[in-house]
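> Protein chains in written order, with our numbering: chain A, 41 to 376; chain B, 20 to 316.
Hints in this document: simulated from the structure, not taken from any laboratory.
For each residue, glycine too, the CB sits at the ideal point set by N, CA and C.
Any given hint might turn out to be false.
[As the list claims (entries may be wrong)] Some chain B residues judged to face chain A by a derived CB distance under 8 Å, without partners named:
1) ARG152
2) VAL160
3) LEU248
4) ILE278
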Amino acid sequence: MSQLLLRRLLLIVPGVLGITALTFFLIRLAPGDPILLLAGERGVSAERYAELQHQFGFDQPLFIQFTDYLWQVLNGDLGTSVVTQTPVLEEFGKLFPATLELAVIAMIIATLIAIPAGVLAAVKRNTLIDHCVTAISLVGYSMPIFWWALLLILLFSVNLGWMPVAGRLNFIYDIQSVTGFMLIDTLLAGDQDAFLDALHHLVLPAIVLATIPLAVITRMTRSSMLEVLKQDYIRTARAKGLSEYSVIFKHALRNALIPVITVIGLQISILMTGAILTETIFSWPGIGKWILEAVYRRDYPVVQGGVLLMAGLVILVNTTVDLLYVVINPALRKQK
Amino acid sequence: MKKISPSEVFADLTPRQEVWYKLRSNRSAMMALCVLLLLITAAVLAPLIVSHDPYEQLTDTLLAPPYPADGNRPGFLLGTDDLGRDIFSRLLYGARYSLFLGFAIVLFSLVSGVMIGSIAGIKRGLTETLILRLMDIMLAVPTILLAIVIVAILGASLVNAALAVSVVLLPHFVRITRAAVISEMSKEYVLASQLDGSKGWRLFFRTILPNISAPLIVQATLSFSNAILDIAALGFLGLGAQPPIPEWGSLLSSSRELIEVAPWTVTLPGLAILITVLASNLLGDGLRDALDPKVDA
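The following block holds chain A by itself, in its conformation from the complex:
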């Protein structure tokens, strides 16, 4: 098994290398001279231009530029934002907790609803309940989430006035950022009102971000449970006279959950896609909104670094899920 783990871990290297190359060369394809773009309307003198070109290394061959960039990335230097003049990694570090908080809450919502719903649909196969669960999850799966977000804003913010439209916290609260997670920071500050306000701000974006994972996990749980319930050992468990509860939750669900856990882990890519749309609509100060704004402003170091970090995150989580899959699946564990 350790060999399998090692091989899987080694596969991260070409993946990250490839992403670095992809972003590097894609950005170089962009039209417009980056130095003239930096200089803006004022323009730049010929000597200053040559000096800047040398400073950024643009006078080097492309391949040398790439290896230089790769060396920088390996040393943890992802460049500096053209707009704010802050290192890309520092900006990412500041904004990432907001995205993580949103994504974690969304996944908790999705999992807590999806697994019971999927089990229920499988156990009550071909009943009204099953049809409803299947239909709702299909709608959720097909949902344009940017529209779903607007609908929720229309209902809960505009018409009912229950939820705030944007942001993470009302500006009247002054909470010191310790962990970067608003829910934890407000608790640490001991400010109950601020905590509730942060929770209020979180509800709608979290629901929106949870929608597609919820649908996917429900479908997966249902089909996995149906598959397991057909197995002989379930018949054996029933024949032994075990209670239906014990058959479903102790025997069936445990086995059915193995593929489901993998699917939960693989939602990271969907979550990141969702984060770009959700954060933009709800003005949530996370990395999705940050990258999109960098695209609008043509802040290429941020786009390049941001994509690299986001894709690196996806690779890391997917690899972890693969490894966990080996650990939790007894069938794979035995073949050492």
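Place chain B on chain A using the hints.
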């Protein structure tokens, strides 16, 4: 009474008839097919159906609500937007963009994916490894993010957005084709055809491709819904269709600030996207069940 197995029922049907028979018995897939056909017909015949030009700004009917509501203007079934344009005509013309682009994107990804995938599957070796690694890398970047980066580089326009989405959808076709080609290559009918002197692209197109079309058709149908969603998302972010083009996503983005005064300008375009995506997902699921030999058992 003698029990009849499904394979006996289908015994005297051609494979195509069998798939059609199974699909026809799937009520939700048939409903989805009807909805899609209706949408396509309406989009094609749009100029004959609508009573107003989708770009015409009628200053005397700004923000008229849709039909049953108070203040609806006769002739404007779904109301008007902030510039007095008829929403029904805009949605119908928008369907032309969404559906046509959906087809174009899927066709582009399908054709190039099949080409690349079959090269990987037939050549094997280093070529295959390089292609697969590249596809893995593309799959590691979240779809919208990759599309956004491509659009950022090419410039925001509907054509560039379509190109970006077809690149994003490509890896799935490549992987499916490669896997299918490899499994077919070891079968005897391929060997027979090879012995018959068939090789290269001719072997691929005449002999192998017809036999691997099932998973590709399913993937194409499901990609169609993804293409429509992604194009709309890019339009919504201002990176796809630019106003005044009535593409559904850009309709949503331009009506965002009207959400309080004229909610119908927000609800209707999204509903159009949802219905189209839902129908093509349902049809895709139905096709998968109909084409998958495991389902008989």
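> Next, verify each hint and record whether it holds.
Evaluated hints:
Taking 8 Å as the C-beta contact cut-off toward chain A, the hint placing B:ARG152 at the interface holds, the least distance being around 6 Å. Among the interface hints, the one on B:VAL160 holds; its C-beta lies about 5 Å from the nearest C-beta in chain A, closer than the 8 Å criterion. About 6 Å separates the beta-carbon of B:LEU248 from the nearest beta-carbon of chain A, less than 8 Å, and the hint is met. Here the hint on B:ILE278 is kept, as its CB sits about 6 Å from the closest CB of chain A, short of 8 Å.
Violated hints are absent here; each numbered hint is respected by the structure.
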